[in-house]
Amino acid sequence: MKKYLLSFFAVILPIITFAQQTTSEKIDEVFTDYTGWFVDAIFYEIPFSEDYQIPWVLIVLIGGALFFTIYFRFINVTGFRTAIKVVRGQYEDIEKHGADTLYGDQTPNETEDIIETIRDESADGEVSHFQALTAALSATVGLGNIAGVAVALSIGGPGATFWMIVAGLLGMASKFAECTLGVKYRDVGEDGTVYGGPMYYLTKGLKSKGMGGFGKVLAVLFAIFVIGGSFGGGNMFQANQAAAQFIKLFDLEGGNAGLYFGIVMAILVAIVIIGGIKRIAKVTEKVVPFMAGIYVLAALIILGANFTLIDDAFALIFEGAFSGLGIAGGLVGVMIQGIRRGAFSNEAGVGSAAIAHSAVRTKYPASEGIVALLEPFVDTVVICTMTALVIVITNFDGAFMEYGVQITEGVEITAQAFDSVIPHFSIILTIAVILFAFSTMISWSYYGMQGWVFLFGRGKTSDMVYKILFLFFVVVGASISLGAVINFSDAMIFAMVVPNIIGVILLSPIINKELKRYYKAIAVKEDAIDEGAEDLNDHL
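All residue numbers for the sequence shown refer to our numbering, where the first residue is 1 and numbers rise by one.
The set of hints was computed from the structure by calculation and includes no laboratory data.
It cannot be assumed that every hint is accurate.
[Said to hold, decoys possible] Cross-link-like lysine-lysine pairs, in silico, BS3-like; alpha carbons within 30 Å at most:
id : residue 1 : residue 2
1  : 209       : 85
2  : 85        : 363
3  : 85        : 516
4  : 460       : 209
5  : 460       : 85
6  : 513       : 248
7  : 363       : 248
8  : 520       : 286
9  : 209       : 282
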């Protein structure tokens, strides 16, 4: 493996150096000429009036989230407490071995026999609920939470925060639905490797409803889009932003700093992704809580230091959400900015998270769907809201942002907000940006590879080809400016919404059955314990 990596970097070093000097602008022009129509189509804004245009893909995302929220009887609220219990491992026993096996019609002295009998009959899967959650979170928690929120506030004002939260709460239902299907229709290889995601539930799920051909077309489209998205928005954009922050922090303008940063980043990414989802999960379960914890702690320190202004900030957010007074775009404009940032940040409805969640160990698909609904809550309702509060509160005195005037460098505004209370926190923020970018890349490498093996077949050769390509684009992203390429890859990520939402809506009755099945399993365990049975969770 080391030999392959050394050969890989020896080959790409002169290529990238040459590309830096001669072809960056040409590549950008070619991409603009050949892919501009696709980007324009995906992000086309439907004009509702002279002042208000809404991207059609945003309507699909929020429309789907509203449908799932109502169809599953507000699972984003009713399932929250259960989700916490599942992540803590409270139902791990029944998820591994089945409620009826452990708690159905037990007779005295049977407990030990059951434990011995089923030790080798546990559920398929490669990672725990917590690992799957952090792997998926690592792909969504990132620059959008730091820079994207600042951009949304600059356009829509503080009121955009309210609609951001609404989008996050609605997105919880979308995540529940797609991730339940991800586990329900996953494939498990002979070696225990899990292959899952929208490609599989679109194929197998729609086939079970007599729409096999239609499902296959949707699955192939999704696989193409997820591969393109993994190379661009999930890779090159992340590497580019991380490199830019690093170069700025250490004042390394000029030369090949970006190239060398990209090579180091590619080596670190290679070490993780070559080990597959198990190693990715082991890394993300440590990195995600750590980086999110530092960021949230800093935000709490700032909010604590300005606790007398928190009610004023919420008053401004609430007033701006419904009046749009003094804010560019008015009420509808504020709403669009907030919902767009929330929906685009947590990727609920895009289908990407279903790939990571499908690798979980469980016999009940709905158990992972319930865990997945925590993802938009953490990403958007908690982290994005904290960023917004810090910016709004520090802007009272600092006045570094004029609401209604769009900014382009969101990281700088957020850094300025944090620095105003915690001197030099921008250094830590730069490290956070790099960690966010790194974790996003390793998770998106897994997403893209799942689409790759779906199209080109499974095997070590197929895996290695994709991983080498992915590492190549890490270096490219950090080295040269490719605006049109990034726009194209972003469009591919949001193009994933179309086949995914169609499939999930059509398969909603099956999701409902799985939810009822899981709730019944929980009831079986709880009834048995109420009647005196021993909780077997500690023994398995």
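Could you check the structure against the hints above and give me the numbers of any it violates, in ascending order?
The structure breaks hints 1, 4, 5, 6, 7, 8 and 9; every other hint is satisfied.
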